[in-house]
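Engineer: Residue numbers (the working numbering), protein chains in the order written: chain A, 265 to 468; chain B, 1241 to 1706.
Treat the hints with caution; some may be incorrect.
Listed below are the simulated BS3-like cross-link pairs for lysine-lysine, each with C-alpha atoms no more than 30 Å apart in a straight line [claimed, not checked]: (1) LYS1326(B) <-> LYS331(A); (2) LYS336(A) <-> LYS306(A); (3) LYS452(A) <-> LYS336(A); (4) LYS306(A) <-> LYS1328(B); (5) LYS366(A) <-> LYS452(A); (6) LYS452(A) <-> LYS389(A); (7) LYS1328(B) <-> LYS389(A); (8) LYS1318(B) <-> LYS336(A); (9) LYS306(A) <-> LYS1326(B); (10) LYS331(A) <-> LYS387(A); (11) LYS331(A) <-> LYS1318(B); (12) LYS1328(B) <-> LYS366(A); (13) LYS1318(B) <-> LYS306(A).
Derived Cβ-Cβ restraints for the label pairs, each shown as a range [said to hold, decoys possible]: (14) LEU1670(B) <-> ASN411(A): 51 to 61 Å; (15) ILE1339(B) <-> GLU294(A): 24 to 34 Å; (16) LYS306(A) <-> LYS1328(B): 22 to 32 Å.
Because the hints were derived from the structure by calculation, they are not lab data. Positions of the beta carbon are idealized from the N, C-alpha and C atoms, including for glycine.
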Amino acid sequence: MKNWLALTVGIAITIVSGGVRADDTDTANELIANSCANCHGKTGESTGPTFPRLAGQTQQYIEAQIKAFRDKTRADPHAQAYMWGMASNPKLTDDVITEVAKFFSAQKPVKGEPAEDTLLSDKGKQLFLHGAAERGVPECAQCHGENAAGKDTIPRLAGQRKEYLARQLEAFQLNLRENPLMHENATKLTVEDIDALSTYLASQ
Amino acid sequence: MRNILKDRGRFDFARRTVASTAAAFSLAILFAPSFAHAVPSYARQTGVACEACHTVFPELTPFGRDFKMNGYLLQNSKEVSAISEKGKNTLTLSDLPPISFMFDASMTNTNRSVPDPVGGRAQNAQVEFPQQASFFYAGKIAPHLGAFVQLTYSGPDNAFSMDNADIRAVNTGSIGSSDIVYGASFNNNMTVQDVFNDVPAWGFPFMASGTAPTPAAATQIDGTLGQDVAGLTAYFQIDRSFYGEAGVYRTARLGTAGPLNSANGGGAIQGVAPYWRFYYEHRWGHNSWEGGTFGTNIVTRPGGATPITEGPHNYFTDVALDTQYQFIGDRDIVTVSGVWIHENAERDADFANFVASRLDSVLETARLSAEYFYERTYGATIQYFTTWGDADPLLFAPASLTGSRTGKPSSNGEVFELHYVPWLNTKLSLQYVAYNEFNGASTNYDGFNRNASDNNTLFLNFWFAF
Chain A
265 MKNWLALTVG
275 IAITIVSGGV
285 RADDTDTANE
295 LIANSCANCH
305 GKTGESTGPT
315 FPRLAGQTQQ
325 YIEAQIKAFR
335 DKTRADPHAQ
345 AYMWGMASNP
355 KLTDDVITEV
365 AKFFSAQKPV
375 KGEPAEDTLL
385 SDKGKQLFLH
395 GAAERGVPEC
405 AQCHGENAAG
415 KDTIPRLAGQ
425 RKEYLARQLE
435 AFQLNLRENP
445 LMHENATKLT
455 VEDIDALSTY
465 LASQ
Chain B
1241 MRNILKDRGR
1251 FDFARRTVAS
1261 TAAAFSLAIL
1271 FAPSFAHAVP
1281 SYARQTGVAC
1291 EACHTVFPEL
1301 TPFGRDFKMN
1311 GYLLQNSKEV
1321 SAISEKGKNT
1331 LTLSDLPPIS
1341 FMFDASMTNT
1351 NRSVPDPVGG
1361 RAQNAQVEFP
1371 QQASFFYAGK
1381 IAPHLGAFVQ
1391 LTYSGPDNAF
1401 SMDNADIRAV
1411 NTGSIGSSDI
1421 VYGASFNNNM
1431 TVQDVFNDVP
1441 AWGFPFMASG
1451 TAPTPAAATQ
1461 IDGTLGQDVA
1471 GLTAYFQIDR
1481 SFYGEAGVYR
1491 TARLGTAGPL
1501 NSANGGGAIQ
1511 GVAPYWRFYY
1521 EHRWGHNSWE
1531 GGTFGTNIVT
1541 RPGGATPITE
1551 GPHNYFTDVA
1561 LDTQYQFIGD
1571 RDIVTVSGVW
1581 IHENAERDAD
1591 FANFVASRLD
1601 SVLETARLSA
1611 EYFYERTYGA
1621 TIQYFTTWGD
1631 ADPLLFAPAS
1641 LTGSRTGKPS
1651 SNGEVFELHY
1661 VPWLNTKLSL
1671 QYVAYNEFNG
1681 ASTNYDGFNR
1691 NASDNNTLFL
1701 NFWFAF
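This is chain B alone, in the form it adopts within the complex (with noise of 0.2 Å):
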């Protein structure tokens, strides 16, 4: 699940520069994390094993993905009911309260260690402890509502703050033979009420170092505007197979009092932003294959020195294509998925306030994964991941460490992490991350005489869940 922090970096970016983009540069963006999670209160509720819902956490198998779309709301658990005298279910809220933890410590070591402030180096082989905690509400509410919110301490932070949101409103019916499943997700992230684990918020890596430098430019839907936005969609499901979404998202900024202004709005969007998603999935056997579609088109108004009612504003059109097999047998699991995300942004603003010498431009990333775990509890990952798009070197300018020399977008590399699952609650992780490419170029891509493959990123990480 990409972060708060990455995001909240982004946005920080935005407000500074006056650029209300997410494809910029920024200290803080290069230091993100990714994050994902299981929660143990699902288990609880259900009475039902982690195993039943994810093939190792946070990745769901088909049953899991059906528990999120019915709405979190399958209950085996002792809970308080009660009626209206013309018998409708007025309530049934579970005995025990639906409240997960998690705890995630971990090493990061960078190739060549980053630069500090003074032009020194700073430490290497970073310990975070934690680098999150997070307390979840996550569980049925009502009898046909459900939710998953987290709250989460992010070490590097020192604070608490809002992480992503799913709250959803879900009835089933038929029509014919057909089932159907019908709801409403109120969520804060694009595509975090999403079941695949291909889509941005809950794609492969499921953490990543919070402390070692990451790529900077990312499309609007990659993540950028999570736990910025509210949003509602409205969804439907047809025979556990075809699946369509239709939504809109509006900028519901965090740690900023409202409400949005000039000082304070970079970067929100104009009216409302659409959200849609589809996919179709066929499952036989063992087996299951998922292939769809989501996208969003996104009008931002820069703020700052421009009058955030007034101005020229930025257009970005997001539009992703999105796989996943899984193989699920009693020893072995594969999973193989893949997304590919197509932006073409027009930055009006941008361009009128000297921050991008280009109108017109295309920012493209695609993923590959493919995943083993043998009997749940050895696994190995590798990922091949690129970024690339058009130049622009005032979007993309020469900065130490987070910059581009050549202006270019472009980032490509590998992950390689190694997994181990004592217990189905409990990770250790070890992680290596190469880049070819970072930022627009293979040797000196800052413009200050740092390679790409210094920030080759070495992360160890412990994770459980309670």
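Next comes chain A alone, as it looks inside the complex (with noise of 0.2 Å):
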């Protein structure tokens, strides 16, 4: 009977509190102290080029990608040598990882800087926003917005740092990291293609 009733207390409490237990945020916090903030900083802004910015990125992608990492489902190079062991932490729960996604979700996105090559960057614009239509480019503004800004599962990537930008594109040519649509689109770029669209996202 105690243990119904603990049980009950324990889902109405669960139920007010929109499913996030304390203990939760706790062990989220301290990750993101002690393990995330070592690569991405502490509020998302990215401690170099190998960490991505997870300032602003959305909430599903974020938990979408950590769950790959721990999943081993995401196997790109660096993700094996760096994801894989961090997403292991036992303490990485579905929940857990719901309450770092909604942490970095909620920081202010880091500003891009302003392109050193600005033609570069305006290729970079014109392809993002109108795709090559005589490639079979198709515009990436359709899915990851006017603003680069993202939606859902589709990541941010506005002010997004330029290298791990065009080590993500290559590694979709490569199939290193799997994804049937971005592999059919990142086929279609050139290098020079994979420099303008990462010079142009990272000064937004």
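Two chains, two separate frames, one set of hints: put the complex together.
Structural biologist: Encoded structure:
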């Protein structure tokens, strides 16, 4: 009887609090401070070009990626080297992942720095907004949004680190990062296209 | 990493000669390997691959430097934990013991074989199997306490001994918008707690022959005191850029029954020796650059014929500058580093004991290295090294192989090394050390018709850790 009572009270508290347990939030905050922040920065600003900016990234995208790292279904080289281990932390339950994603998603996105090569950036902007129909390259903005802010599981690209963006496009090209749609799109991009796109997006 | 063998050799000599100086010559110090280590138990603890912390082991990436700076505490493996009734975390013990093993085997061939004690020639192409084998406790100990502790079996010594150790307590905080890391390191080798690969404890060459002759003169801070001291230092770092550290070292001799006395206390530090270290690091894109300084001031007592508690002392002041540039791309990795060490010595004790012929002297050492790795698999390193200073015909006296005809401490040359890293924890290296000058001369440097180039060394090394 006592157990049922405790369970009922527990469920009620969980429902009232919107399904978030204080423990999950605490654990998420601990992991953010002790693990995530080492590379992604305290507020997701990123500490170097190897590590993506998470500030302002969509919650669903972050959640999906952490789970993909944990389940080892995202297997590009840096994912394996860094994130498979990070995401293997037994404290990283689904609920904690949600809290981690919420935290970073709620942070103010990093404003990109103006591109030094404006011609290249303009070319990237053209490609991002309008694609290149003659080569079958679709406009990226169709999914990622005109401002490249992303939505739901479509990631925010604006203000992301240039090197990271370029590396991801190359990973999609080589199928190191599995995503049939992005693979198809990325294979139509030249080296210069990738340079232009990443230059433009990093400046947003 | 400068190894215990080198340091032990130096101090054995100091005891014999009552010189209490590391700049003296001995056969033992001439066979002076340099070792450095990377530790897979960290990979098991963090779940992060070696390449996150190392360009190629044992050189650290910015991520690796942060990991060390933060006390080796990052943990993603399952752990046993406990909290007090007040909610304080009282235990976080990894499910996996943070134990690693390292094995190193080598072959050494000198240009001309070294003389043996009965006037012949020693065997050349010397194989060491192992040159060294080490056990490590390397990982998190408690919520704010982590360690790198190494126990090494040395082939030439046929014995286990304590090797490098760095136990550190760390915390983090912030001042305004700045991130602060602060902590304390309890260690047994000046600069072993450092995160850069230009300082003596972690500089190139990371492995060197355990049997080939190497120059004898070395400054105190250049590995001379390794495993012969215990140090406690406090440090802070601001925004991964500004770093400051200060502490003290006191003699903590291995293999010697305590307390130290006139018979076994040669070279012991009087009181404590201060140590300091400051640097600035800038990281941008795939690049990082560091410039810094470190140093110490040491007063030693000669021991031996002179009562350890009485008589004159030797005084050493070491000041060093170091710098490191690193580019880490997905394919290419470039590291350029340099260190310069200046030592002022006042050898009151050595002079009084007729071990040195002058009271004041200067010894300088500089090393400049450049390294390239392709896809973390194929690499090449070149280093120019040089040591020079004031001549002293007593301190640097003629002796077959190990001595100096000219009384000068000067040695210089180049190290060329090719690396093959088939897996991240396995390395095969081919190293060639070419001497332009050795112990003060190019030809007949020892007064027994041995030339500097006779000591040129080909060194093949196989090294792995798990």
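Engineer: All hints, please: hold or fail.
Structural biologist: Each hint tested on the structure:
no. : hint                                 : verdict
1   : LYS1326(B) <-> LYS331(A)             : 33 Å, violated
2   : LYS336(A) <-> LYS306(A)              : 25 Å, holds
3   : LYS452(A) <-> LYS336(A)              : 27 Å, holds
4   : LYS306(A) <-> LYS1328(B)             : 23 Å, holds
5   : LYS366(A) <-> LYS452(A)              : 34 Å, violated
6   : LYS452(A) <-> LYS389(A)              : 17 Å, holds
7   : LYS1328(B) <-> LYS389(A)             : 52 Å, violated
8   : LYS1318(B) <-> LYS336(A)             : 18 Å, holds
9   : LYS306(A) <-> LYS1326(B)             : 27 Å, holds
10  : LYS331(A) <-> LYS387(A)              : 35 Å, violated
11  : LYS331(A) <-> LYS1318(B)             : 18 Å, holds
12  : LYS1328(B) <-> LYS366(A)             : 27 Å, holds
13  : LYS1318(B) <-> LYS306(A)             : 24 Å, holds
14  : LEU1670(B) <-> ASN411(A): 51 to 61 Å : 55 Å, holds
15  : ILE1339(B) <-> GLU294(A): 24 to 34 Å : 26 Å, holds
16  : LYS306(A) <-> LYS1328(B): 22 to 32 Å : 24 Å, holds
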